[in-house]
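Please build the complete structure, drawing on both the sequences and the hints.
So you can see what is in the structure, the chains are spelled out below.
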Amino acid sequence: MEDMIFYDRLQFAFTITFHYIFPQLTMGLSLLIVFFKWKFLRTNIDKYNNAAKFFMKIFAINFTMGVVTGIPMEFQFGTNWAKFSELTGGIIGQTLAMEGMFSFFLESSFLALFIFGEKLMGQKLHFLTGFLVFLGSWASGWFILATNAWMQHPVGFEILDNGKFVLNNFSALFSNPWLLPAFLHNQLASVVTSSFVVASIGSFYILRKKQIEYGKLFLKTGVIFGLISSVLLAFPTGDWNAKNVAKHQPGSFAAMEGIFKTEEKGAEIVLIGQPNMVAKKLDNKIAVPNVLSFLTYQEWDKQVPGMDQFKKEELPDNIPALYYSYHIMVGLGTVFIGVMLVAFIFLWRHKLYKTKILLWTIMFLVPFPYIANLTGWYTAELGRQPYLVYGLLKTADGISPTVSSGNTLFTLLGFVALYMLLGLLFLLLVGKAINQGPKPQTH
Amino acid sequence: MEIFWFIAIAIVLAMFFILDGYDFGAGIIHLFFAKNEEDKEVITKSAGLFWDSNEVWLVAGGGMLFMAFPTFYASVFSGFYLPLIIVLWLIVFRAIGLEFRAQFNYQMWKDIWDASFGVSSLLLALFFGIALGNIVRGVNLGGVENGISTHEGQYFFLPLWDSSFSPLSATPGIIDWFTIIIGVISVVTLAMHGANWIILKTNSSINEKLKSVIFKLNIALAILTVLSLSVWQIVRPESLNNFFEKPYLIVFPIIYFTGLIGLFYIKKLKKDIYGFIFSTLIILGGITSSLASLFPVILPSINNVNESLTIYNTSAEEYGLSVALVWGIIGFSLIFIYFIVQKRLLAGKIDKMDYGKH
Ligand code: HDD
Ligand code: HEM
Ligand code: HEM
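Which chain is which? The protein sequence lines are Y and A, in order.
Here the first sequence stands for residues 511 to 953, numbered as in my numbering.
Here the second sequence stands for residues 30 to 387, numbered as in my numbering.
The reader is advised that the hints may include incorrect statements.
[Stated by the list, open to error] Residues of chain Y placed beyond 12 Å of chain A at every Cβ, according to the derived structure: (1) Ile526; (2) Glu723; (3) Asn786; (4) Pro799; (5) Tyr834; (6) Thr871.
[Unchecked claim] Computed footprint of chain Y on chain A, listed as stretches where at least three residues anywhere in the stretch have a Cβ under 8 Å from a Cβ of chain Y: (7) 183-193; (8) 343-349; (9) 354-367.
Quick caveat, the hints were computed from the structure, so don't treat them as lab data.
The C-beta atom is built at its ideal place from N, Cα and C for all residues, glycine as well.
Here it is as structure tokens:
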């Protein structure tokens, strides 16, 4: 039984991690493509249209990967988490089915038109199809986060005698206090990813001294979007999420922040430190007193309950992983704000395109927003443990009763092999597209 | 309310088999009949433009099943664990075959992705048929051994095959001679459907040849249909009862046979679209007839310990189903609009259209 749960969790974690590499770029990049297309409509300068078309190429490859890795996600609820699906399907099935109806259809119908239809439709309609693709991808983020928000903070339901969760208030699913902050934060995070991708490709073109004109455009756009989104990501949205966790999942909050002991006179904020689970303390810690209490409650000496106040079953089962995930996300977030701010100042002073060190930094920073996004999700998902539906349904009670661990191990290995192949192909094709660069119009 | 969602999901799944069916079929035809590069290119394009928006029907169908019949979704998806995951992998190979073939201009690269697209289309068509076969045949719900359930009555787990390969065994596997027959029917039907699509959408050099291919496949289908109907009687004797009790259900088999007979005239048809319509009718009629013969059961139990799964004992509660009705109607209307817009804008033969390079 134990290893059954372990393989199921591992398979879910692996496949969702791989899936989420792609939608985060899809959602953010569609915004930037719409932006380029809009600039083109306003100025009629071909450069913008070519930029939109160039990123469309990358978008298309990325989108394919998102779709093929997304379909296994949806099916896995049934294959590996049958008991969970049976008990909660009447609720999270709503949001998942709506995602299919309202966002995937929108996105995929208009994507074909956006890619192939420019000459058939004229520019205004072409812009509109691009905008609908953007809308579809953000709607899909909205519905999947509504699903996740319900698992983090269940609302609008009752539990029958046979253990089934039954919906009794549909609109509560969307007015869930967990949803809006998570959605905004998550969408901004995907804008950060795509800004870094765009800026990084720009730096690459400038550094290799080919297609410098596009390089400058990409870098500038990426830096401006990147700065705005990274700031908004930390404040207000990151902060807002943290308050939500403190309020609704206090045990997870203590673990995330690494507070082993409750401090009478307000909690310190930990900048660096390694959780030591045996001694129940942080090793080599650097912390600033009372700041956490202030950030969470706007009162310097308000008490924040530490892990000593909770029973073992109320705490997440992998505290170090949760703690590190959270601190990596927040740490990277701070780095992003710093880098983008410096880059923006240099851009303003017309020095950015000549400052090699910054160009190299931006170019190589591109994996880190992906890492921040994923560790952010690990924070949310590990923090929810040991529950599938917070406080109500244990993860161990959600797995499929008839699927054996050998089967799950087999399919897990299959997914690993297949996804390695997909990853290689993805890099190959995106690399090729970037190397070719945007083509100037030929007629 | 259950009946409404049953019908809605049936429509969505039928749409999936009709729409994605033609690009599965195109894959099968591509595998066996496309010889020169130009034909291969237009055929992959005729499928490549649309596979993604077609596959959404599957995703939406899955989501709706999850929402409306959670117990059924949980039971079937975990019970058919291995084949389902293999289907997922095949879907991946098919999609990347279509999307990546045109990315490099090396013969070897193209050959790899052509094979990936063709073989996985063929296997998917087979697997979907086998799945349908399993549903109409029924499974050992509750894993009954010697009259005792080994787990909860709504769950089961099937091995890929049972040593007897017989649908009549007490513990049939996923693959047996009955489900294989249904699988082959599915391959033949979708191959014809794909061929009709290629004729409709392209000017490939094999179009004339495809018409005789369709003719021959149709003969095979007619034989298989008779065969399957007779063994169906052995496997599930009660399958005709519904048609006797509610004679109007007869329209579904009639739809099927209209398509089947119509396709014999493939070489004389005035418009390419008629061929496509006939193969659509075959698919539509086949799926709806099978469902009508089961109704209201959606997964028969082959033991007498646990009840069959029906739309009533697997559905979500009334409130959820009725709010979903409201957004469902809105959603369906929107999808209908997108569908019309997309098909109109991308109408016509692929090779005449100027899509620009991408
Ligand atoms: C580029 C990515 C990125 C960056 C730089 C940040 N975040 Fe984040 N964060 C995410 C990407 C992300 C995410 C992946 O998007 C999450 C996971 C779930 C969600 O809704 O958003 C998330 C969740 C998330 C949560 C909820 C965790 C839970 O549900 O248990 C909190 C409290 C924060 N973030 C706080 C912050 C703070 C204070 C940041 C300060 C800089 C920050 N995040 C930067
Ligand atoms: C892209 C973002 C996401 C990432 C990176 C992510 C990550 C993870 C990880 C690492 C686990 C394993 C946790 C553990 O074993 O302790 C997990 C579990 C799970 N997550 Fe997520 N998750 C994401 C989004 C979602 C969403 C949107 C949903 C709901 C719709 C969801 C539902 C689940 C379920 C059902 C499990 C399995 C049970 C469990 O182990 O808790 N996840 N996820
Ligand atoms: C367990 C959770 C998840 C499931 C079941 C799931 C399911 C799916 C499916 C079935 C698709 C393919 C849709 C198509 O055919 O067009 C897809 C794609 C997509 N998913 Fe997920 N997904 C999950 C997690 C996430 C998360 C956490 C996000 C973002 C917040 C997300 C955003 C998207 C987007 C934007 C797409 C569009 C295609 C793309 O660009 O990748 N998904 N997902």
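Going through the hints against the structure:
| no. | hint | verdict |
| --- | --- | --- |
| 1 | Ile526 | 14 Å, holds |
| 2 | Glu723 | 21 Å, holds |
| 3 | Asn786 | 40 Å, holds |
| 4 | Pro799 | 49 Å, holds |
| 5 | Tyr834 | 31 Å, holds |
| 6 | Thr871 | 31 Å, holds |
| 7 | 183-193 | holds (count 4) |
| 8 | 343-349 | holds (count 4) |
| 9 | 354-367 | holds (count 7) |
The structure shown violates none of the earlier numbered hints.
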